[in-house]
Amino acid sequence: MLPRVLVIDDEIRLAKNIRVYLSRYEFDVQVANSGLEGLEIFAAFQPDIVLLDFKLPDIDGLEVLGRLRATGTKAHIILMTGQGSTEVAVAAMKAGACDYLSKPLVLKDLKNLLEALPGKGSH
Amino acid sequence: MAQESNRPESSQHAGSGDGAAPRTQATDGTGDASRHMREVPKPTNLVRSFALLSLISISVICCVAALLLSRFMERALVQRDAIVTAELIQSIAEHEEPDLAFDRPELLSDEEGLGELFIHITKIPDVLRANVFAPDRSIVWSNDLALVGRRFVDNDELEEALRGQMVVELGKVAKSTKNEHAFFKDGVTDFVENYVPIWAHDHSMVVGVVEIYRAPTALFETIRGGTWLVWSIALASGVFLYTTLFWVVHRAASVMRRQHALLVESETMVAVGEMATAVAHGIRNPLASIRSSAELALEEETTEIGREATRDVILEVDRIGQWLREMLLFARPERGELFEVDLGDTVRRSLDNFERTMARQHIRSQVHIADALPPVKGDAQLLTQMFNSIIANAVEAMPNGGSLDVRAALCREGKELEMTLSDTGTGIPRAHLDQVLKPFFTSKRSGLGIGLQLVKRIVERHGGRIMLSSVEGQGTTVTLTYPVPGA
Numbered sequence: 000m001l002p003r004v005l006v007i008d009d010e011i012r013l014a015k016n017i018r019v020y021l022s023r024y025e026f027d028v029q030v031a032n033s034g035l036e037g038l039e040i041f042a043a044f045q046p047d048i049v050l051l052d053f054k055l056p057d058i059d060g061l062e063v064l065g066r067l068r069a070t071g072t073k074a075h076i077i078l079m080t081g082q083g084s085t086e087v088a089v090a091a092m093k094a095g096a097c098d099y100l101s102k103p104l105v106l107k108d109l110k111n112l113l114e115a116l117p118g119k120g121s122h
Numbered sequence: 000m001a002q003e004s005n006r007p008e009s010s011q012h013a014g015s016g017d018g019a020a021p022r023t024q025a026t027d028g029t030g031d032a033s034r035h036m037r038e039v040p041k042p043t044n045l046v047r048s049f050a051l052l053s054l055i056s057i058s059v060i061c062c063v064a065a066l067l068l069s070r071f072m073e074r075a076l077v078q079r080d081a082i083v084t085a086e087l088i089q090s091i092a093e094h095e096e097p098d099l100a101f102d103r104p105e106l107l108s109d110e111e112g113l114g115e116l117f118i119h120i121t122k123i124p125d126v127l128r129a130n131v132f133a134p135d136r137s138i139v140w141s142n143d144l145a146l147v148g149r150r151f152v153d154n155d156e157l158e159e160a161l162r163g164q165m166v167v168e169l170g171k172v173a174k175s176t177k178n179e180h181a182f183f184k185d186g187v188t189d190f191v192e193n194y195v196p197i198w199a200h201d202h203s204m205v206v207g208v209v210e211i212y213r214a215p216t217a218l219f220e221t222i223r224g225g226t227w228l229v230w231s232i233a234l235a236s237g238v239f240l241y242t243t244l245f246w247v248v249h250r251a252a253s254v255m256r257r258q259h260a261l262l263v264e265s266e267t268m269v270a271v272g273e274m275a276t277a278v279a280h281g282i283r284n285p286l287a288s289i290r291s292s293a294e295l296a297l298e299e300e301t302t303e304i305g306r307e308a309t310r311d312v313i314l315e316v317d318r319i320g321q322w323l324r325e326m327l328l329f330a331r332p333e334r335g336e337l338f339e340v341d342l343g344d345t346v347r348r349s350l351d352n353f354e355r356t357m358a359r360q361h362i363r364s365q366v367h368i369a370d371a372l373p374p375v376k377g378d379a380q381l382l383t384q385m386f387n388s389i390i391a392n393a394v395e396a397m398p399n400g401g402s403l404d405v406r407a408a409l410c411r412e413g414k415e416l417e418m419t420l421s422d423t424g425t426g427i428p429r430a431h432l433d434q435v436l437k438p439f440f441t442s443k444r445s446g447l448g449i450g451l452q453l454v455k456r457i458v459e460r461h462g463g464r465i466m467l468s469s470v471e472g473q474g475t476t477v478t479l480t481y482p483v484p485g486a
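In order, the protein sequence lines correspond to chains A and B. Heads up, the first sequence is in numbering that gives the first Met the number 0, so the first residue is 0 and it goes up one at a time. Heads up, the second sequence is in numbering that gives the first Met the number 0, so the first residue is 0 and it goes up one at a time.
Any given hint could turn out to be false.
What the hints assert, rightly or not - Computed far set for chain A versus chain B, every beta-carbon distance over 10 angstroms:
1) Gln45
2) Val89
3) Asp98
4) Glu114
Stated by the list, open to error - Pairwise CB distance ranges, derived in the manner of DEER restraints:
5) Gly95(A) x Leu432(B): 31 to 39 angstroms
6) Lys93(A) x Arg363(B): 49 to 57 angstroms
7) Lys93(A) x Phe338(B): 21 to 29 angstroms
8) Gly95(A) x Ala270(B): 29 to 37 angstroms
I should point out that these hints are in silico values taken from the structure, not numbers from a laboratory. All of these numbers come straight from a predicted model, not from anything done at the bench. A virtual CB, placed ideally from N, CA and C, is assigned to each residue, including glycine.
Next up, chain B with everything else stripped away, as it sits in the complex:
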């Protein structure tokens, strides 16, 4: 006897020891999980740093591209214009036997011959100034007579032109430091300086250099227009690129956020499931002992009070057993196969189960289900469980009578099936409304708080949505929306 009474005690100790060990493990587990979560960068931060980095790089790329393009365009246009001018001068000069003319400077001022060429040059549009240099770097002709006879020995462009190269320089009046630039009219800001070598008749040597200053307003207008176009295109494509990329990343981030939340939820559900399974099994064994003891006692008990008390023990044990079954169902992994289920039939069957309880509590039920509702894809057992939970909650909320109204109809052009279950019970306090669909929330003293969360899980497992609305003291309405297969 003594041995027998000791054994359960020691096993109880072992039991509590077992219970303590998983608890520490569980704490470590959550610690690991939160640490792991902290290492993952938040999508919001990713979006922010992407927004900044891409803004900087796209701006830099667009600016550099626009700058290079407009520079290239300006150079190419000016160069082209200069070549045309140079070819014009060269072809006129070749007619006038330039070798002879440069040898006899007195001919240069003549209205005939080479002198005539220079007059032509000054008549080329936009020409502001024309100077003609002899190979000794002295000006032998100019449309500014004051310059004739002066020598320029430190002019690099002139040296290059004397070596046979055509030289084009773009300049601005204000920045010019050259002493020969003192002749621009007011309002002229940009000019082109062009050195054109004049070749001897047989192309053997450079006999002179024509220097012209031009302010080709049409050319500059074209360049300004082109530059404006290049920068506008760069800006527009930069904005377009940035917006597109940002939109894509923003979308990706919100997808990541959703998946992250789902991941955390499913991890939590796995942990909760394991815990629930362990707890359920731990409780079921002693519960079996209690129930069997009570059943034996019921057969031996002779007094009515004793019999009733024993029956109560059995009833309460069965209630815990029912909760455990529900908890295990809740923790059950998802099953793949779904069948066509008629929601109307299912809810009617569930209501039948509560018929006696509802009659006892003076609860009237009204069912308005539209004819020929299409079936939904689902697990009949789970859906029954779901309706049982919702109806049980409604019945519990109406201890002093009321009415339970069940309606089902198609909505959204037959794409969805909407079912509402409204009671006239005590309602859910506003502060609890958001909480009741979360796992293990309960405001009732009895119960594990699984009911509504289980309902939500079942609804979501079937691709549906659940909405709760409640006014304290007036009642609660549960709205379930299911997609209609094939609609």
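The shape of chain A in the complex, shown without the other chains:
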């Protein structure tokens, strides 16, 4: 079974590119363009990995992160942000993110990171 990845980002093209790229390397990827849509898809899709943008049009990334963690999921949640500040990174780690990527991100690095995650696809 392919590892499932959910991308929650309102940058439509970036989300699409991540989906296309990761699909090539044997990931099952779905995309949501807002926080609420992401929570909905998460419930149905039960991904192993969540790529979460910090700045979303409806509810912000940290809020989404909190709600995801509240479901008791064991999914790896990685926060992506255009904000280079360490405060955001620290807040993300505290809220239960397992890693933090700053934009513009390199797809190859992202793929390497996902492949290195422990217990990937064990669900």
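Assemble the complex: chain A is given as a structure, and chain B must be docked to it using the hints.
Positioned in the frame of chain A, the structure of chain B alone reads:
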């Protein structure tokens, strides 16, 4: 499909709308700031008005004090002198049974008795004239015989003396209007007029009044000396007080000026920082989309031209990304904690990063770093960033080769560490030399102009100084001076 192509457009509109709103806000903000600044009085004006006001008040205070003091001193001395004279006259008179003598005027001209007293009086030093009045205000004795027998009924001082009071008057010859003053010698300008009551033997009544005019030159000399001293002291203390106060206020004003400049600069930096952060974030998202698209395209592209073009897109995106990181670093608030950093190691590591670029451009580098240089207190990441900026500028200034010379040594008896980085590049035009350390100045077409300003900020954050010297066509030297901790 149609929906998908519409959405980015609408979000782009929203984006430009968002962009416009902060711009208006920013304009309002600067308006407020400049209005606020205009309300604050300039330290220069404060100094000027303080200088004027304190000069006036100190002058007034000193003049009034000197005037009161010298008046008091003059009065006290004259009074004292008069009392001594009066007591002398009174004590001699008491021996001569004054009650009887005044009753029998024929005795007054006698060489014996009271007449002898009057002769004594005229022999008191500095006495110019002595008149003796009987209680009926007539002169019964005088050393000017022409006055004997005349009566003076409108003389207030005489009336007072007849009531038992001793009267002292200071006068000037020229201003005198009294008709009995027509006897002064030439050259006598000041005199003391003294009315001394002569009491009866049993002190029950005043039996007569002795009026003497004196020109006590020694006393007047003392008074003049004292007055001169009082005014000199007043002037000297006024000048001292004024100078001290002015110096303090001048110092305070220059401190205020410096702090004002720092305040304006830090306010500007906060505004610039907020702006930079907003701009960086706004650009990073589309940049992420562009980079990921290019990365995907690179994997699909089969022609070499296409692959190269796509790689170029990625390279340029990374360049913008690098600039954004630098801009965010520039906008980053100051951090408190500093560690010991070896500047020599740091600059060598930075030079290593540029090794390939420098080899390609035929740039030789020479490093002369004195042995056992003490470390400076600093932030290694920032210092690396700083050297990268300086070296990148130098490399950019030498497209056709040259040499980069790095030297570091202690100076000022080991209190400071001086590092110079000299290139043989194109140099900075004289007109730009003052400008290059200011935020966002750039003469290069690429780049945001952050490099050198960032360098300056980093140097100042570490308590150091930066100096730029450059000759167009010959090269640029950057001199960094750092305090040595504990030296």
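Review point. Against the structure shown, which of the earlier numbered hints fail to hold, in ascending order?
Key: Hint 5 is the one this structure does not satisfy, whereas the remaining hints hold.
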